[in-house]
Amino acid sequence: MIALVKGAADRVAPNVRIEEVSKDFGPARVLDGVSFELAYGEVHGLLGHNGSGKSTLIKVLTGVHAPNGGRVWIGGTQLPLPLPPGDFNRYGIAVVHQALGLVPSLTVTENLLVRRLVRDANVAINWQAAHREVAGLFAEYGLTFNPRSMVSELSPVERALLAIIRAFHEISQSAPDRGGLLILDEPTPFLPQDDVERLFTLVRRLTERGTSVIFVSHDIDEVIELTDRATVLRNGRVTATLESKSASKADFITAIVGRELHTGRAARPPLASEVAVTIKGLSGPGIPATDVTLQKGEVLGITGLIGSGYDHLPYLVYGARPASDGTLTLGGTEAPLAGMTPARAMQMGVVLVPGDRQGAAIAESLSVAENMALPALGRRIPNFCASGSAVLAIARDLVRRFDVKPPVPDMAIKGLSGGNQQKVVLAKWLQSDPALILLDEPTQGVDVGARQQVYEFIQQAAEAGACVICASSDHEQLETICDRVLVFSHGQIVASLSGEQITKHAITERCLTSVEGTLDQPKDA
Amino acid sequence: MTSQTTTVSSGAEKPVHRGRHNALVQLERFALIIAWLGIIVLFGALAPDSFLSWANFSSIFGSQAVLVILTLGLIVPLTAGDIDMSLAQMLTLSSMLIAVLNVGHGWPIAAAIAVAIAVGVLVGLINAFFTLYFRIHSLIVTLGTGTFLHGVTLWISDARTIGGIDWSLVNAVIITRFLGIPLSFYYALALAVVLFYVFEFTSLGRKALFVGRGREVARLSGIPVTRMRLSCFVTSGVFAAIAGVLYAGTSGSADPNSGTQLMLPAFAAAYLGATAIFPGRFNPFGSTIAVYLLVTGITGLSILGIDTYVQDLFYGGALVVAVALSQLVRGREESLT
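Order-wise, the sequence lines are chains A and B. So the first sequence is numbered by our numbering: it starts at 1 and just counts up by one. So the second sequence is numbered by our numbering: it starts at 1001 and just counts up by one.
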């Protein structure tokens, strides 16, 4: 590996040069003069928080976004920017996204050759030859897939390997001599450690022919292990390009988090020291066995890296996804979590604001009032004689209380902005004065102004005595609203921050170091 | 409700504009009735003697009650997001059961009707079981069960028409008139009123609507989605069975095939009805009006001496036009907001 890098460094020109790439979304500058280079055969890490600009940069390289400025060269050819969509393949660029883009119900061969099968005018596909070709390709990398098996039969890592080989195959078709650029966008978070090794081995094999790799990841250990160098983005700017082998983990964390000052949380009234919610032995997909207790009026943040399992917790507690074990104690009642259903949870005073607003929180084709009134049916609104005017009356009051704009309950909800839709969702659930509020990414797709209001509604509910569990990958948000933050890794709580300890940077730092699992507070206190 | 919706979305505009907009929305709600009146005026002018007779209208109202009830049965699962293609075959089976039990086995008519309705419940349960337990699309399931039911109908009837059903049924359906219209019309109207009440004024109706429009939203809001969908299938089975009872009563006989032709008209009426009264929603009164609009058009054309193929032209064309119209209504709603 190192020899390769030296060899590459001997060449005069680098393979990939990214120069001064900038991108604005409206008034916001999300990429600000980003520049770095990749040698032939180099594996280059790309790190940064959510919102640091990693995804935007990749979208510029693949023609999804038109940059406001900048130049990109690959193998001595300057790319025309913006790149026409779909054209990036022609310049020897291929991307493997986290979702992999495989069709599970088709065979390995069909998935691998999909582009060719679609592009060429095929009148008589020679499947024998195609399967042989694919088997040969795998053999080259020491892999033994049956080309005829369905992708759905493959293990997660085998799927990832297949997706990478497919991407690489596309590069070798468009840049037959050497070079090309393979972008791996967080391929590892759902893979166990051994499988990650297999994936790394394959990536190293691919670089032998001079292809450069951009490896996007949240996991510093993986970046140190796999990459030659790594570039760190923060707020759209390159904060450092580090030699992975000589840099320490602390160097990376500093580059990612920066040295900004504590932004200061809103002063919170002291909590009544009265345990109001106990979740005991919660187990389910992504979470082995977790205990969490909340005090009356506490806002608890839960977070972690992608794949760490924290985001399952609200759904398991609410019964939206089946938990295998555990109990929930709330207001003197203990309920088993294994048989929990949303209806039962609602009865206990638990509500869930799901992260997928369009799919799970609102019915887009119905009105604001109808969406708001849904949980009130059969409660505040009687089962019979539930006239439209009763629904409207409730909604009119809620629309005012939650400052929905425009304040018109009978307009179609899809006409509202994301922030106002979220206010409707909060109104829908907070109207019943719940005892436990479960939130998943409560401000996703919510504009800055409405975001502040969402925080206020959460705060008000907590002051009125509700417990809040907020799953979020937005660490600034957690800093702003939480009394305590739990950091998850592999489904376990590995750190607990409270009071003054809760800063955006401390949370991010704990997330990044959590992979080792060597923290002082392993259990929820 | 909708009128206010649009008022709001154009809230930024000048009041004059808004008023005109409001008028347009009202026009849309009643466009189907206006179109119906237009058809009546047109054929009335072309064939005043035969078309504009009370006998003609009374027969249209009476005989098409069957189609109205079938359409009402169809919009129940449609509201909850499922399609029931087996309804027309259920209707045929129901009328044939009555004929076979009443005429062939000498059962009292009330018992035969009770069996027909019980079979309607059973068919609804079977449709629900395959759709919900095996997670197969309802379209496929009901296409299969429908054909199966038709097979049963042919089997129990030896593929023959059976006449001579108890006169009391015929009497109660088509002979007895109130205000000059056969009672069957009022049965259909009563069911439409009940369904309207359930859809509009009970939480059950709201829940069914949410199950259809956002299944995951409904589930996370504590609505028993599976039970709701099952209830809708059973309701549609029962409605089809009731339609079958009226079908047997309308002619005093049951034939194993003609009823199966009613599926497409029911779809046409359901979608056409969704463009009126509460545009964008399947609703009972819109459906009822749509049935009579379609039938009036067909009756008018046949009175003018045009061949029977006109039925297929009319229903087939109406279904496509109706779906296109309801798509337009949706598109317009989106562009407004």
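Please note that a few of the clues may not be correct.
Claimed, not checked - Some chain A residues close to chain B (C-beta under 10 Å, calculated; not the full set):
| # | residue |
| --- | --- |
| 1 | 137 |
| 2 | 244 |
| 3 | 315 |
| 4 | 338 |
| 5 | 341 |
| 6 | 342 |
| 7 | 346 |
| 8 | 349 |
| 9 | 361 |
| 10 | 362 |
| 11 | 377 |
| 12 | 391 |
| 13 | 394 |
| 14 | 428 |
| 15 | 456 |
| 16 | 457 |
Rather than coming from a laboratory, the hints here were simulated on the basis of the structure. Source: prediction; values computed, not measured. Built from N, CA and C at the ideal position, the CB exists for glycine as well.
Tested hints:
The closest approach between the C-beta of residue 137/A and any C-beta of chain B is roughly 37 Å, which is over the 10 Å cut-off, so the hint fails. Look at residue 244/A: its Cβ only gets to about 42 Å from chain B, farther than 10 Å, so that hint breaks. Taken as an interface hint, residue 315/A checks out: its beta carbon lies about 9 Å from the nearest beta carbon of chain B, inside 10 Å. At about 18 Å, the closest approach between the beta carbon of residue 338/A and any beta carbon in chain B exceeds 10 Å, and the interface hint on this residue is violated.
At its closest, the beta carbon of residue 341/A sits 8 Å from a beta carbon of chain B; the interface hint therefore holds under the 10 Å criterion. Taken as an interface hint, residue 342/A checks out: its beta carbon lies about 5 Å from the nearest beta carbon of chain B, inside 10 Å. With 10 Å as the threshold, the beta carbon of residue 346/A comes within range of chain B, its nearest partner Cβ sitting at about 4 Å, so the hint holds. Taking 10 Å as the C-beta contact cut-off toward chain B, the hint placing residue 349/A at the interface is violated, the least distance being around 12 Å.
With its C-beta approaching chain B no nearer than about 6 Å, residue 361/A sits inside the 10 Å limit, and its interface hint holds. With its C-beta approaching chain B no nearer than about 6 Å, residue 362/A sits inside the 10 Å limit, and its interface hint holds. With a cut of 10 Å, the hint placing residue 377/A at the interface with chain B holds, because the nearest CB-to-CB distance is about 4 Å. A distance limit of 10 Å between C-beta atoms decides the matter here; for residue 391/A the minimum to chain B is near 8 Å, and the interface restraint holds.
Evaluation of the residue 394/A hint against chain B yields a violated restraint, the C-beta minimum of about 12 Å exceeding 10 Å. Interface restraint check for residue 428/A: the shortest CB-CB distance to chain B comes to about 8 Å, inside 10 Å, so the restraint holds. With a cut of 10 Å, the hint placing residue 456/A at the interface with chain B is violated, because the nearest CB-to-CB distance is about 24 Å. Contact between residue 457/A and chain B, as hinted, is not supported at the beta carbon level, the nearest pair being about 19 Å apart and thus beyond 10 Å.
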